[in-house]
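Protein sequences appear in the order of chains A and B.
Sequential numbering from 762 applies to the first sequence in the numbering used here.
Sequential numbering from 762 applies to the second sequence in the numbering used here.
I should point out that these hints are in silico values taken from the structure, not numbers from a laboratory.
Think of the CB as a built atom: it goes at the ideal place given N, C-alpha and C, for glycine as much as any other residue.
Calculated lysine to aspartate or glutamate pairs in the DMTMM-like style (CA-CA distance at most 20 Å, straight line):
hint	chain 1	residue 1	chain 2	residue 2
1	A	K941	B	E1043
2	A	K1051	B	D918
3	A	K889	A	E1019
Simulated coverage check for chain A against chain B, where a stretch passes if three residues somewhere in it have a Cβ under 8 Å from a Cβ of chain B:
hint	segment
4	938-952
5	1048-1055
2 protein chains.
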Amino acid sequence: MKEVTIGIDIGGTNTKIGIVDREGSCLVYKSIETAADQPVEVFLSLLFKAIEDLKETLTEPHDIKAVGIGAPNGNYYAGTIEKAANLKGWGDYVPLANIISERLGIPVSLTNDANAAALGEMKYGVAKGMKNFIVITLGTGLGSGIIVNGDLLYGHDGFAGEFGHINVVPNGRQCGCGSKGCLETYVSATGLVRNMIELIAENNGGSHLDQYNFHTISSKMIFDAAEDGDPIAAQAFEMTGEILGKALADAIAIFSPEAIILFGGMASSGDRIMEPTRRAMEEHTIRVFKGKTKLLISDLKGDNTAILGASALAWQELDKTK
Amino acid sequence: MKEVTIGIDIGGTNTKIGIVDREGSCLVYKSIETAADQPVEVFLSLLFKAIEDLKETLTEPHDIKAVGIGAPNGNYYAGTIEKAANLKGWGDYVPLANIISERLGIPVSLTNDANAAALGEMKYGVAKGMKNFIVITLGTGLGSGIIVNGDLLYGHDGFAGEFGHINVVPNGRQCGCGSKGCLETYVSATGLVRNMIELIAENNGGSHLDQYNFHTISSKMIFDAAEDGDPIAAQAFEMTGEILGKALADAIAIFSPEAIILFGGMASSGDRIMEPTRRAMEEHTIRVFKGKTKLLISDLKGDNTAILGASALAWQELDKTK
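If we strip away everything but chain A, and leave its shape as in the complex, we get:
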């Protein structure tokens, strides 16, 4: 019987569920609605139904050993989702790991999505064999999963790794977290849009995108405009990369990691984001660490990357109990 785990990636809109073997093959997977504005019970019944469906589609006999979950505001220590802004209907405190474990009768562990991404890179991705590295997830916001001595950095309360909320501009942009000038207000899909809008204002227009408003411009539109030779769009990527690269130089001074890995939507912009990021990172890295830390892009591709990360958590927890 083949040993497998279930990986679950909970997003604000959709949740992806997959059954994954030890080698990182996602044998079957499915996407369901997260139903974030309804009570969590709605999501749970969709989830359990989807798991039953997936089990039936497996052709080989299998033994499901454990479940791993990546979720916004996931607390590893408590197995809970706490005050997740994009899961409002679920309430402030959802003991999700316990609920699912009781129902399925197997161990369930939970962490936030950036931490799951870091575990995925360590088990299946570019960080295979590394024990000290940082994954930066560039999505709507900026998350980080930090591996120290081969383990995730959780901190005292399970919520460590909020690298998106270090201050990069004193009294800078308003952040959703309540503070001002946080890294993710400049470096993320929405940060890129804010950079673009600011640069349109600074340049008094000058971009093909100046006809669109704040709500209609997307990071994809900025990427396409930059590739088409729009100078302001290119500058928006430069600005984003420069701020990220400087912040990464600080991360290097603190962690001296073997690698920093960019993950998520914006990382797929390739050199547009990597080139200015690498340049600023190398310029601002202090002498003793210069040239020691690799800047990499995740090579986990396709719809299943977040599922792989969640399943990596399940495997890691299983291996701990051995």
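Position chain B against the provided structure of chain A, taking the given hints into account.
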């Protein structure tokens, strides 16, 4: 036979050596010259002589199990001191742990002084029982020892924890590390003096200390002036604490530590430095972490604190091999 370890704290001018029991009593200790501008052999002969002297002064029978060393630019992984600016005569690369271990025939481990301080706090000090905390050493420079999951954060190359070299002012003050605007150029004994000089310039004098030059003003003089009601000296402490507190808010976002502990000369300025530091730290800490991290002062007192830290390393390594 009483089990003991030897703790050695290497400074730029003096080196302290002590024999310490498991409970953290420093039974005997001695200070020798570091002889930093002469070949390391000079230091080694002074050191071995001092250890022999200390052993003879012990009244009880004892069994020396191991040696721990705290040293500037100490590399834990390699047991070496590398490119230490204040140990110029010793050369760029000193395999000190091996040399001493071969001579004494017992295990020798080595780390940098801030890391040793963190281990000392965990074994004997205010961090007893904590598994996630940060020690900030405020001396000539600013060092940090970061404990994650009960272990020191060493990073990929053994040099992690250079929190003194995160950037706090873009294109700010020149730092000895080669970069500009590093935290320690504002927050340290020398940083405090630079703050004071800058404030004297800004205020066109206005302090009892404006008759002294950059080289003659000390942090002690600034403290005494502040206590005597000198407004500019008081402002220099405010400035130092504000910059430190903001940087600590970033450290909290990244590490979510149970406590941050200030250690070293400037920490003994008490409320002068603690009050503005705490205020800025609390103001800038993001909502999810507010009120969760304690700001503490080291309660290890006296000449032996650095020896205790170094001996804590020796005990920790012994316990690992059990």
